[in-house]
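There are 2 protein chains.
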Amino acid sequence: MKLFIASDHAGFDLKAALLKRAAELKVTLTDLGPTSDASVDYPDYADLLSKTLVDHESKSGSTDTLGVLICGSGVGVSIAANRHPGIRAVLAESPEVARLGREHNHANVLCLGSRIVSTDKAVEILKSFLQANPDPGERHLRRIEKLGKKPG
Amino acid sequence: MKLFIASDHAGFDLKAALLKRAAELKVTLTDLGPTSDASVDYPDYADLLSKTLVDHESKSGSTDTLGVLICGSGVGVSIAANRHPGIRAVLAESPEVARLGREHNHANVLCLGSRIVSTDKAVEILKSFLQANPDPGERHLRRIEKLGKKPG
Numbered sequence: 001m002k003l004f005i006a007s008d009h010a011g012f013d014l015k016a017a018l019l020k021r022a023a024e025l026k027v028t029l030t031d032l033g034p035t036s037d038a039s040v041d042y043p044d045y046a047d048l049l050s051k052t053l054v055d056h057e058s059k060s061g062s063t064d065t066l067g068v069l070i071c072g073s074g075v076g077v078s079i080a081a082n083r084h085p086g087i088r089a090v091l092a093e094s095p096e097v098a099r100l101g102r103e104h105n106h107a108n109v110l111c112l113g114s115r116i117v118s119t120d121k122a123v124e125i126l127k128s129f130l131q132a133n134p135d136p137g138e139r140h141l142r143r144i145e146k147l148g149k150k151p152g
Numbered sequence: 001m002k003l004f005i006a007s008d009h010a011g012f013d014l015k016a017a018l019l020k021r022a023a024e025l026k027v028t029l030t031d032l033g034p035t036s037d038a039s040v041d042y043p044d045y046a047d048l049l050s051k052t053l054v055d056h057e058s059k060s061g062s063t064d065t066l067g068v069l070i071c072g073s074g075v076g077v078s079i080a081a082n083r084h085p086g087i088r089a090v091l092a093e094s095p096e097v098a099r100l101g102r103e104h105n106h107a108n109v110l111c112l113g114s115r116i117v118s119t120d121k122a123v124e125i126l127k128s129f130l131q132a133n134p135d136p137g138e139r140h141l142r143r144i145e146k147l148g149k150k151p152g
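Residue numbers (the numbering used here), protein chains in the order written: chain A, 1 to 152; chain D, 1 to 152.
Same shape as in the complex, but just chain A:
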């Protein structure tokens, strides 16, 4: 499993901690930045990861690459990522919400709050996200198709 990961300054330390635990998570983590905890704007990194993930899916035809975004609460990156029609981002404080987001909404990005969850909790939530399988039920697919259309 391949994962892109990005954060803002508030999420920088948790991003670094998750990068160190990639082997345990059995994933290849590609760090899209930032490279320090100097102040940045969360929409910039959420947009970078969202565009990178959608481009990767489009070029590879693969949907088994996912994303992780981190800011202080997880809220800012989750709003910014969900502005992109090809992204379905779940903000999770618990493994259960991460699992349901992946199963029912086919979430392709997990958002975490560095002020909300410890590193161990973040790993537990990320494992739940990675181990869940998108439910192919027709009702889920119909609703997900609606999420890909321009709202109006």
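Simulated from the structure, these hints should not be mistaken for lab results.
In this text the structure is predicted, and so the values were computed from the model without any measurement.
Check each hint, because a few of them may be wrong.
Any copy will do: because identical chains look the same in the list, a pair fits if it lies in one copy or spans two.
[Stated by the list, open to error] Straight-line distance between alpha carbons at most 30 Å, and here's what the computed DSSO-like set of lysine-lysine pairs gives:
1) Lys149 to Lys59
2) Lys150 to Lys59
3) Lys150 to Lys51
Given the coordinates of chain A, assemble chain D onto it according to the supplied hints.
Here is chain D on its own, set in the frame of chain A:
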């Protein structure tokens, strides 16, 4: 304070429970549906509430009207609502995330998961959301302005 509220079928019972507690919450709740727990698609009700809230803000010039959206996990409605450039939706499992979403991201919609939180917990989270004040700090405003632009 005025609140619009909507759900899908899975969130119908929690919506009904919150409507009964409007007096305790000291809010006027306007129910946008559905009117039964028959199966519906969460993007339809998230779109309805999002459009209604943005129209209301545009016509009244007021930003003190907020929204509440409920589905089973809260994930589906949070993705759908955040597709709308004028909506900043926070999915919260805790009062802290609701508060931070309101303070730092000026969230105007709170998303709740009926399978995740009890009615009492939902009330606690909603109170935290309503009592928080948007932080007018320049860095927050700069980031929120970026959320209002077309992602590209």
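Hints, verified against the model:
no.	hint	result
1	Lys149 to Lys59	both (21 Å within a copy, 26 Å between copies)
2	Lys150 to Lys59	both (22 Å within a copy, 23 Å between copies)
3	Lys150 to Lys51	both (17 Å within a copy, 13 Å between copies)
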